Amino acid sequence: GEDVEQSLFLSVREGDSSVINCTYTDSSSTYLYWYKQEPGAGLQLLTYIFSNMDMKQDQRLTVLLNKKDKHLSLRIADTQTGDSAIYFCAEKSRGGKLIFGQGTELSVKP
Amino acid sequence: DTEVTQTPKHLVMGMTNKKSLKCEQHMGHRAMYWYKQKAKKPPELMFVYSYEKLSINESVPSRFSPECPNSSLLNLHLHALQPEDSALYLCASSQDIAQDGKNIQYFGAGTRLSVL
Numbered sequence: 005g006e007d008v009e010q011s012l013f014l015s016v017r018e019g020d021s022s023v024i025n026c027t028y029t030d031s032s033s034t035y036l037y038w039y040k041q042e043p044g045a046g047l048q049l050l051t052y053i054f055s056n057m058d059m060k061q062d063q064r065l066t067v068l069l070n071k072k073d074k075h076l077s078l079r080i081a082d083t084q085t086g087d088s089a090i091y092f093c094a095e096k097s098r099g100g101k102l103i104f105g106q107g108t109e110l111s112v113k114p
Numbered sequence: 015d016t017e018v019t020q021t022p023k024h025l026v027m028g029m030t031n032k033k034s035l036k037c038e039q040h041m042g043h044r045a046m047y048w049y050k051q052k053a054k055k056p057p058e059l060m061f062v063y064s065y066e067k068l069s070i071n072e073s074v075p076s077r078f079s080p081e082c083p084n085s086s087l088l089n090l091h092l093h094a095l096q097p098e099d100s101a102l103y104l105c106a107s108s109q110d111i112a113q114d115g116k117n118i119q120y121f122g123a124g125t126r127l128s129v130l
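Going down the list, the sequences are from chains P and D. Position in the first sequence (from 1) plus 4 gives the number in the working numbering. Position in the second sequence (from 1) plus 14 gives the number in the working numbering.
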């Protein structure tokens, strides 16, 4: 079945780059999403990519997709303390469903 | 505007109470969703409505009863809940559920529910 996996924790220093990784299993063409969730808040869509693309850049965010390995990464340049949050990778499935990873908790130290 | 509004923000209820959660969007979206989320876990899908009809029920207990009165509103009626139902309840909406579209889901801020 479909599955999305992420590492659970990442700690970086302010100003460094953060790279959050995700693997997925669906072999069909699909959309992949990155959401950010700050404490006590809902999920905020950061970016998305279609599975026939290799890369997408949006300001400080860069998404890289390795279709062969089904590996997705989110790079945050110049990470700030305000970037501390849980980041969820998600894969679009049938019927409108999203298959979420477990979430990566990003901690940014000053 | 990509806003999904949920009320109330917080709710405390006893196991014998009846309450309702509300969700509203004015983006013209025809798909709406309810999720349950425990702390530091991913959201778990509960229900999907497509064009005001229930499309997916993920085997949710009958003490949770969804309702979609029109294309902008989604309710979740709660009755005889258990303490383990305490969680953040998130509503989301998307253009539709078509397989060939990007169907971005936009989430509300959630209702923090505590069942005593």
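Read the hints as simulated data drawn from the structure, not as lab findings. Treat the hints with care, as some may be off.
[What the hints assert, rightly or not] Straight-line distance between alpha carbons at most 30 Å, and here's what the computed DSBU-like set of lysine-lysine pairs gives:
id	chain 1	residue 1	chain 2	residue 2
1	D	Lys-54	P	Lys-71
2	P	Lys-74	D	Lys-23
3	D	Lys-36	P	Lys-101
4	D	Lys-55	P	Lys-101
5	D	Lys-23	D	Lys-55
6	P	Lys-113	D	Lys-116
7	D	Lys-54	P	Lys-101
8	D	Lys-116	P	Lys-40
Remember, predicted model here, so these are calculated numbers, not experimental data.
Holds or violated: P/Lys-74 to D/Lys-23, with C-alpha atoms at most 30 Å apart: The hint is violated at about 38 Å.
Given hint D/Lys-55 paired with D/Lys-23 - CA-CA distance at most 30 Å: Holds. D/Lys-23 to D/Lys-55 sits at ~19 Å (cutoff 30 Å).
Distance restraint between D/Lys-54 and P/Lys-101, which requires alpha-carbon spacing of 30 Å or less: Distance ~20 Å between D/Lys-54 and P/Lys-101 Cα, so the pair holds.
Restraint check for D/Lys-54 with P/Lys-71, where alpha carbons must lie at most 30 Å apart: Roughly 28 Å separates the two Cα atoms, so the pair holds.
Given hint P/Lys-101 paired with D/Lys-55 - CA-CA distance at most 30 Å: Within the cut-off at roughly 17 Å; holds.
Restraint status (C-alpha distance of P/Lys-113 to D/Lys-116 at most 30 Å): 35 Å, violated
Proposed proximity, P/Lys-40 with D/Lys-116 (alpha carbon, max 30 Å): At roughly 18 Å apart (the allowed maximum being 30 Å), P/Lys-40 and D/Lys-116 satisfy the hint.
30 Å Cα cutoff - pair D/Lys-36, P/Lys-101: Since the Cα atoms of D/Lys-36 and P/Lys-101 sit roughly 21 Å apart, the hinted pair holds (cutoff 30 Å).
Comparing the model with each earlier hint shows violations of hints 2, 6; every other hint is respected.
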